[in-house]
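*Asks:* Chain by chain, the residues run as shown.
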Amino acid sequence: MARKQYFASTPGAYNNVQTNQGARAPRRFNALDPKSCHPFDEDTQQANQSIKTTQQSFESIVVKDSCDVEVTTTNTQAAVNVQIGLQAAIALIISISVADSDRAEEITQDLYEKIKTTQINHQQTYIENSRGVQVTTTDTDIAVNAQILLQVLLAIVARLNIL
Amino acid sequence: MSDQNNKMPEDLQVVSNKVIELLVDTTFKKHGVNPQEAQVDDETRSQLKELVEDLQKSVESLKNQNNEDN
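Chains as they are written, first to last, in the numbering used here: chain B, 1 to 163; chain C, 1 to 70.
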C-alpha cells in the first residue's frame with residue numbers, strides 16, 4: 001500500500017500504461033528490468049540528424065577588492081558567426097550544384113553527420129585583493145571548427161569546378 | 001600558450017585534409033553525383049567564388065586573432 005502511494009505522488013517519472021479501466025497505477029521505470037522503457041527513450045530516438053557542430057563557452061571573471069585590473073576576453077561570437085556562414089555556404093553550394101533538391105539535402109546531411117564537433121570551454125578567473133593585474137583569456141580551440149568546415153567547403157568547391 | 005593550441009600541426013593538417021577529401025568524394029559517389037556535370041552559370045560562379053574567398057578570409061582572421069592574443 002505504501003508503494004502505491006509513492007508511485008502516485010510523482011506521476012511524471014513513470015510510463016503511463018493505460019488499461020481499459022484506466023485505473024491501474026502507472027509502472028515505474030526500473031533500470032534493472034531490460035523490458036522497462038525509460039520515459040526519455042522515445043525522445044532520443046527521434047533526435048534529428050541536423051548540424052551537430054556545437055561550440056559553447058562559459059566564462060566567469062570575478063574581481064573583488066582590487067584596483068587597476070585590466071581584463072581582455074576573446075569574442076567567441078565572432079567564431080560562431082563564421083561557422084554558421086560556412087555551414088550555410090556548404091548547403092548553398094551543394095543545392096546549386098545538385099539539381100534534385102531532395103538529394104542535395106541528403107548530401108548536406110550526410111556531410112554534416114560525419115563532422116560532429118563539440119567544443120566546450122570553461123574558464124573561471126578570480127581576482128581578489130590585487131592591484132595592477134592584467135588578465136587575458138583566450139578560447140584556444142575556437143578556430144578549429146571553422147578550419148574544418150572551411151576544408152570541407154574548399155573540397156566541395158574544388159570538385160564542383162566552381163573556382 | 002603556444003600557437004599549436006589553435007593551429008593544427010602540419011602533418012595532422014595533411015591527414016585531416018585527406019580525410020575530408022575522402023569524405024566529400026565518397027558522399028558524392030554514394031549519391032551518384034558527378035560534380036563535373038554541375039551546371040553553374042558564370043555569374044553565380046563568380047558570386048560563389050567571392051563568397052568562398054570571404055569565408056576563407058574570416059577563418060584566417062579568426063586564427064590570427066587567436067594567435068595574437070596568445
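Mixed in with the good hints there might be a few duds.
Using 20 angstroms as the maximum straight-line C-alpha spacing, the simulated EDC-like pairs for lysine to aspartate or glutamate come out as follows [stated by the list, open to error]:
1) C/Lys29 to B/Glu128
2) C/Lys29 to B/Glu70
3) B/Lys114 to B/Glu128
4) C/Lys18 to B/Asp110
5) B/Lys64 to B/Glu128
6) C/Lys30 to B/Asp100
7) C/Lys30 to B/Glu105
8) C/Lys49 to C/Glu37
Simulated from the structure, these hints should not be mistaken for lab results.
*Asks:* Decide, hint by hint, whether the structure agrees.
*Replies:* We went through each hint and held it up to the structure:
1. C/Lys29 to B/Glu128: violated, 60 angstroms
2. C/Lys29 to B/Glu70: violated, 54 angstroms
3. B/Lys114 to B/Glu128: violated, 45 angstroms
4. C/Lys18 to B/Asp110: Roughly 18 angstroms between the alpha carbons, so the hint for C/Lys18 and B/Asp110 holds.
5. B/Lys64 to B/Glu128: Status holds; Cα separation ~5 angstroms.
6. C/Lys30 to B/Asp100: holds, 15 angstroms
7. C/Lys30 to B/Glu105: holds, 14 angstroms
8. C/Lys49 to C/Glu37: Since the Cα atoms of C/Lys49 and C/Glu37 sit roughly 18 angstroms apart, the hinted pair holds (cutoff 20 angstroms).
Figure legend: structure checked against the earlier numbered hints; hints not met, in rising order: 1, 2 and 3.
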